[in-house]
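Engineer: Following the hints, complete the assembly by docking chain B onto the known chain A.
2 protein chains.
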Amino acid sequence: MKKIILVLLVGIFHQFLFSQETLKEKYNLMPWPQNISENNTAFKINETLTVSISGEDSKKRVTNASVQFLRRLANRTGVFINTGFPVKDKKASIEIRFDAVSNLTISSNEAYSLEVKENNILINATTDVGALRGLETLLQLVNFNKEGYYFEGVIINDAPRFVWRGLMIDAARHFQPISVLKRNLDAMASVKLNVFHWHLTDDQGFRVESKAFPSLHKLASDGLFYTQDQVREVVAYASNLGIRVIPEFDVPGHASAILTAYPELGSKDGYEYNIERFAGVFDPTLNPSKEVTYLFLETLFREITPLFPDEYFHIGGDENEGKHWDENQEIQVFKKKHNLKTNHDLQTYFNIKLEKILKEFGKKLMGWDEILTPSTPTSAVIHSWRGKQEGLKQSTLIEAAKKGYQTVLSNGYYIDRLLSVTHHYSVDPIGDAILTKEEREKILGAEATMWSELVTPQTIDSRIWPRTAAIAERFWSAKNVTDIDNMRKRLQVVNFQLEELGITHIKNRDVILRNISNHQNIEALKALSKIYEPLKIYSRNKGGTEYKTFSPFTLFADACAADAEDAVSFNNNVLLFLKNKNDNDLDQIKKHLKSWANNYSKFKEIKPNPITKSLEPLSKNISHISKLLHTSLVNKKITEKELTILRNITKQLKEPCQDVELAILNSLNELIRFCETSFLMNTNIK
Amino acid sequence: MKKIILVLLVGIFHQFLFSQETLKEKYNLMPWPQNISENNTAFKINETLTVSISGEDSKKRVTNASVQFLRRLANRTGVFINTGFPVKDKKASIEIRFDAVSNLTISSNEAYSLEVKENNILINATTDVGALRGLETLLQLVNFNKEGYYFEGVIINDAPRFVWRGLMIDAARHFQPISVLKRNLDAMASVKLNVFHWHLTDDQGFRVESKAFPSLHKLASDGLFYTQDQVREVVAYASNLGIRVIPEFDVPGHASAILTAYPELGSKDGYEYNIERFAGVFDPTLNPSKEVTYLFLETLFREITPLFPDEYFHIGGDENEGKHWDENQEIQVFKKKHNLKTNHDLQTYFNIKLEKILKEFGKKLMGWDEILTPSTPTSAVIHSWRGKQEGLKQSTLIEAAKKGYQTVLSNGYYIDRLLSVTHHYSVDPIGDAILTKEEREKILGAEATMWSELVTPQTIDSRIWPRTAAIAERFWSAKNVTDIDNMRKRLQVVNFQLEELGITHIKNRDVILRNISNHQNIEALKALSKIYEPLKIYSRNKGGTEYKTFSPFTLFADACAADAEDAVSFNNNVLLFLKNKNDNDLDQIKKHLKSWANNYSKFKEIKPNPITKSLEPLSKNISHISKLLHTSLVNKKITEKELTILRNITKQLKEPCQDVELAILNSLNELIRFCETSFLMNTNIK
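Protein chains in written order, with the numbering used here: chain A, -16 to 669; chain B, -16 to 669.
Excised from the complex, chain A in its bound form (with noise of 0.2 Å):
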C-alpha cells in the first residue's frame, strides 16, 4: 500500500514537474513563481477594468503600485481605461487584498497568491509588499491577439527564495543621477528585487551632502552629489516600491574623495590628496591610529545614518593593501602597542570601532569579506565578493554562514565584468553546500553589482538589465529553475518589457551608434554592435588607452553589449547544427553569414571619421569570412587556398580593436573546421 502511494505520488510529482516545464514554454514569467497552475480562461482588458484594494493601505505602497500598474497597462495595450485610480468598490475587476504593512526588514513576508478568471482577478497577500509582487506578475500575463489585450487565466502561489535580492549601483566611479536611480529601481521592483545598495563613496567621489563636514560634497564631488533631500526622495521611492536601501560608505581604503577634502585624517603625512581620475586600487587610506578619525566618523554616520531607515548600514572595507600603513612610523608604533600584527589585524581593529559607532545609532555594520577575521564579531554582516578569480578556493559565503555570520553574496554576480547571463544565472548562492538550518537561515541571500568605472548614466542600463532580471530569478525562484535556453526564452519578452519603465539599455545603442556615424544610416554598425561585446573582466581598462572618469563612453564598445543578439543566435545554431547537421540550423546559419556577408556594402557607405574608419577593416573582415563560409556551405566545397584566407581572417579578428570582441569567432572557427572535414575532399574530389 505504502508502494502505491508513493508510486502514485512520485507520478504526481513528475506530472507536476512536466506541466511545470511546459508552463514555462508557454508563459514569459521572470522571476519564475515557486507554483503555477492553469485555468484554461482569460480575462480581456478593456476600459471598464477597474482595481480595488481591501487592505490599510497606510503607506500608500498598494495605491501608488495600482495606479502604475493602470498606467503600463493602458500605455501597453493602447486601452481607454475609464478609471485611472483604484475604486473604493469592492466589486472591482481586480481586487487586492493584504493584512499588514510591510516593516521592510529581511523577514518581512513577501508571499502572494494570484488567481486570473475569466471575469475577476485576486490577489492576496500578507502584507502590501506582497501584493506589489502580485501585481507585477500579473503584468507579465498580459498577452494579446488582434481581437485584443487579456490576462491570461492562471492560479500562482508564489514566495522569494530568499530575503535579500540586491542590486548595488556604485555612483561614486560615475555619479548616477536620482532619475537613474528611480528608473532602475522600477526596473528592480518589475522582477522583484528587494534590495538597493547604494555604493556612495570611493576614490572618484565623495556623493551624499554633508552638513557636518560640507568640504566632502564641495571639494571632492565635482559638484555631482546627492542632497539629503534627494537621498530621502530615493529612499521614499524605493520604499514605496518594497525596497530597502542600503548605503555604502567605504572605508578606511577607497577614501581618495575623503581626504581630498580632509587631508589630515590621512594615512600619509604631506600626501597630496586629489580626486582619482582613473579607475583601480589606490594607496590612499583613513589613519586608523588617530582618535579624529573615529571621532569625525562617528560625527558624519550620526548625521548620515537616520537619512537611511535599514538597520543595515555598509562599511565597505575591501581592497586596502595597506601601503600608507606601511609607511607610517606612527601607525606601525600604534599596531605594536595594540598587539596588532598585521595590517588586516589593524582593520580589524578600526571595524571593532566602527561596529560600536554604528551600533550606538541602530545600525548593523556590514563590509566586503576582507573584514571577515576571527576577532570580527558575528554580530557583523559579511559581503562576500572575492572567490577564485580573486585567488580563493571559493566564495567566502558558506564559511561566513558557518562561523555566525550572516552574509550575502555577490560572487558570481558582478555585472560589471560584462560575462554572459548564462555565467550569472548558472551560480547558485548555496551551490552543493551542506548546511544546519541556522547556517542556512545566515545566508540572507545575494546581490549583483554595477560598479561604474566604465559606465555613464548613458550606458549604465545596458550594463545592468536584461542580465539582472535573469539574477533576480536566481535570487528569488526555486533551486531547480535552471533551463538556460527556457531562460533565455524569457528573458527577451522581459527585456522589451523594461523600456515601458525608462529604461534605456536598447534605445541608448542607437544613440550612440548615430554618434559614432554622425547621424547617417546606422543600419550597418548596428549589425557589427550584435556580434561583438565588450571585452570582459576588466580588460577594456588594461593596456592601450586607460580611461578617466571623464573619458568618452560613448565608442563602439559602448553601444554593444554582453550576449550580443545575433551572436547568441547564431552560436546556438552552430552548435545545434554540428552535433544534428539539422537543415534548419544549417538555414539559420546560412541566413546569418548571408547578412552579414552584405553588411560591408552598407557599412562603406557612411562617410568615415577615427571610429568608423577603424572599425572598417572589422566590417571587411566579417563580410569577407561570411561569404566564403556561406558559398562553402552552399556549395559544398572548399579549397585549401580558401582554408587559409579564411584562418587569416579569423586571425586578424582575434586582434583587439575598439575594446571589443567578435562573439561569434569561436563558431566561425568551428565552421571553417566543419567545411574543412566535410567539404575538402569533395572539392579535391572533384
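Just so you know, these hints were derived from the structure itself, not from any lab. Please read all numbers here as calculations on a predicted model, not as lab measurements. Incorrect hints may appear among the rest.
[Unchecked claim] Restricting the straight-line Cα-Cα distance to at most 20 Å, the calculated cross-link-like pairs of lysine to aspartate or glutamate (EDC-like) are:
no., chain 1, residue 1, chain 2, residue 2
1, A, K71, B, E255
2, A, K201, B, D212
3, A, K74, A, D40
4, B, K574, A, E506
5, B, K201, A, D40
6, A, K509, A, D549
7, A, K339, A, D309
8, A, K587, A, E599
9, B, K42, A, D205
10, A, K324, A, E302
11, B, K129, B, E30
12, B, K201, A, E216
13, A, K590, B, E8
14, B, K596, B, D493
15, B, K587, A, D293
16, A, K490, B, E483
17, B, K71, A, D205
18, A, K194, B, D212
19, A, K596, B, E30
20, B, K564, B, D546
21, A, K490, B, E506
22, B, K386, B, D415
[What the hints assert, rightly or not] A short, non-exhaustive set of chain B residues, derived as facing chain A with CB atoms under 7 Å:
no., residue
23, F344
24, G345
25, F479
26, E482
27, H502
28, L538
29, N592
Beta carbons: idealized from backbone N, C-alpha and C, even for Gly.
Structural biologist: Showing chain B alone in chain A's frame:
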C-alpha cells in the same frame, strides 16, 4: 565721388549678403549669428586641447559650462582629452574671457565674439552668459573627416535680436519630472534660449509644494509636484545655463486644482470641485468678490515668490469665461457695488489687486493677453497668445506695445498645435509694424509654448524639438534670416546634436513603435511614421475618443511628429518635379514610391494586435497607390481604370484613422493629376 562711394558700399554690402548665404550652406549654426567670416584655418581637436577662463567666475557658470563642453566634445568625437577641467594657465588652446557676471535680467548682455584659429580659439564676452552662448556656437562648429575632428576656422560677432527668448513648458496638464526639465533646459541653452516659463498650475494639477497651504500639493496634484527644494534646484540649474525662470500660477480661471484643495475660494457654492482629467476650458474660477481670495493669494505668493529670483511673475489670467461668476448672486452684487460692468472688468479689478500684491514682493505682474483692458496699469506685462485662430484680427502684441506695455509674443509659436516648423519660422514677432524706438523696446521677445494636454514625459521632447530650435533662431537671429530650405538643412544637424543632451525625440519614437508592435520588427511601422503626422490644431482631442490625463499616449500618433521626415523630402521632390520636370527629382520620387510599395509586405509580417490591425489598411493602401504611381511614372502610361483606383485609395487615405494624417496626400494627388495629364493620352493612343 559720393556716388562712387555709394556704389562701392552697395557692392560691399551685396558681397557681404552673398557671402553670408554661402556660409549658411557651409556651416550648420543655429541660431545663425549676426556676423560671421572665414579665415581658412581649422583647429584640430586632439587630446591636448585645454580650456582656460579669464574673468571672475563667481557664479561658476563658465567653469561648469567648460566642463560640460569638454564632456560633450569628448563624447561626440571619441577623443580622450587629457584635461577634463579648465586649466588655470592662460595659454590654454581655448581661451574664454568675460568682464562681468550676469544678473539675468532683461537688460543683461549676451553678446560674444568667437575666433577659431589654427592653434587657438578665443571667446570674448561682456558677461559670463555671453561666454556660454559662444561656447555653444563653438560646439556647432565641430566638423570631421576620416583623419579627425576639428573646429572650423571662423570669426563670429554675435548678439541676440530679442532679450526674451522663451520656452513655456506646461507641467500641470501632465506633470514633467525634474529630469525632463533639466534636459530641456540644456537643449534650450544649446540654441541660446534664455527664458524658461514654467506653467505650474492648472485645472489638472497644482504642481508646487506649499507649506502655507499644504492641501494644494496634497489634494490637488495626485502626488506629482515639485518640492520647494526641487524648484530651487531647477532655478539654479537654469541660472547656471544663463536661463531665467518665470513661474506661472494661473488665476482666476484654470483653477479646478486650487479649488479641489480649497473649495471655499470658488465662485459656485456647493460645486464639487475635482482635479480635472479631461482637456479643455472649464468653469471653476476663484471668487474675486471675497477678501479671503486675496488673502489666500497674498499668502501663497509671499511663500512662493522667493523661490523665483526673477522679477517677472506670470498669473495666467486666460480663458476665464465667467460662467460661475454669472451664476453667483454675491458676485453680481459685488460687480454693481464696484461699478464693474462686465466680467472682463471684474477680472481687471482682480488683476489690479494682484498687481499690487506682487509689487509688494518685488514682482512685476505678467499675464496672458486677456488681462489687457483699458484699466490695466502699464506696469503689467502682456503675454500675447491670441490671434486669428482665436477670432482676433491680429495678435495683441503691437497693440500692447503701442499702449505702453512690455509685451511678449506666443501667438504663432504654439508648438502643441503640431504645425510645421516652416509655419513657426515664418512668424516674425514684429512683422511689418512701424514702431517708435520706445514702442520697439516694449517688445521684449517671444516664447514657444508647450501645452501638455497630449504629451507625457515620453513624448514631450518630440513635440518641442527640433522645431523650437528654428523658433529660437527667429528670436535670436537677424530678421532677414528667413531662407526655409537653408534652415531645414541646418536644423537637420542641430536636430541630431540635441540627442547628445539627452533629448529623447529620436529614440522614443522607436520605443513607442516597439511597444505598439510588441517588440516585433518595427521597420514597417517606422516607415509609416515617417509619412504620417499627428492631427494638428487640437483636432486629435475632438470627437471620437476624448483623452484623459491617464489615457495611453503610446499610440501611433505619439510616435509620429510634425514635419514627418520622408514626407518633407517627398513633398519637396514632387513640388520641384512638377515645376521643373527635373529627372533627379523624378528619381527621388520613384525611390520613395518603390520603398513604400514594398513596405506592406513587411507590415504583414507583424503578428497583429488591435492597434497594428487598424493601421494595416493604411499600410496596404499606401503600398498599393505607390505601386500604381511608380509603374505609371516608369512606363509613362495610365488608364482610366487605374485613375479610378488611385482616386478611391486617396479618398480612403483621407479618412481619419488613429489620430494621424497622411502628410504626403497632397503630393500623391498632384502626382495622380500629373499622370492623368501626361500619360492618359499616351495610353489611349496606344
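Engineer: It remains to establish, for every hint, whether it holds in the given structure.
Structural biologist: Here is how each hint holds up against the structure:
no., hint, verdict
1, A:K71 with B:E255, "holds, 18 Å"
2, A:K201 with B:D212, "holds, 18 Å"
3, A:K74 with A:D40, "holds, 18 Å"
4, B:K574 with A:E506, "holds, 19 Å"
5, B:K201 with A:D40, "holds, 17 Å"
6, A:K509 with A:D549, "holds, 11 Å"
7, A:K339 with A:D309, "violated, 26 Å"
8, A:K587 with A:E599, "holds, 8 Å"
9, B:K42 with A:D205, "holds, 15 Å"
10, A:K324 with A:E302, "holds, 18 Å"
11, B:K129 with B:E30, "holds, 17 Å"
12, B:K201 with A:E216, "holds, 16 Å"
13, A:K590 with B:E8, "holds, 19 Å"
14, B:K596 with B:D493, "holds, 19 Å"
15, B:K587 with A:D293, "violated, 53 Å"
16, A:K490 with B:E483, "holds, 13 Å"
17, B:K71 with A:D205, "holds, 16 Å"
18, A:K194 with B:D212, "holds, 16 Å"
19, A:K596 with B:E30, "holds, 18 Å"
20, B:K564 with B:D546, "violated, 25 Å"
21, A:K490 with B:E506, "holds, 15 Å"
22, B:K386 with B:D415, "holds, 18 Å"
23, F344, "violated, 25 Å"
24, G345, "violated, 27 Å"
25, F479, "holds, 4 Å"
26, E482, "holds, 6 Å"
27, H502, "holds, 4 Å"
28, L538, "holds, 6 Å"
29, N592, "holds, 4 Å"
Hint compliance for this structure: hints 7, 15, 20, 23 and 24 are not met, and every other hint is.
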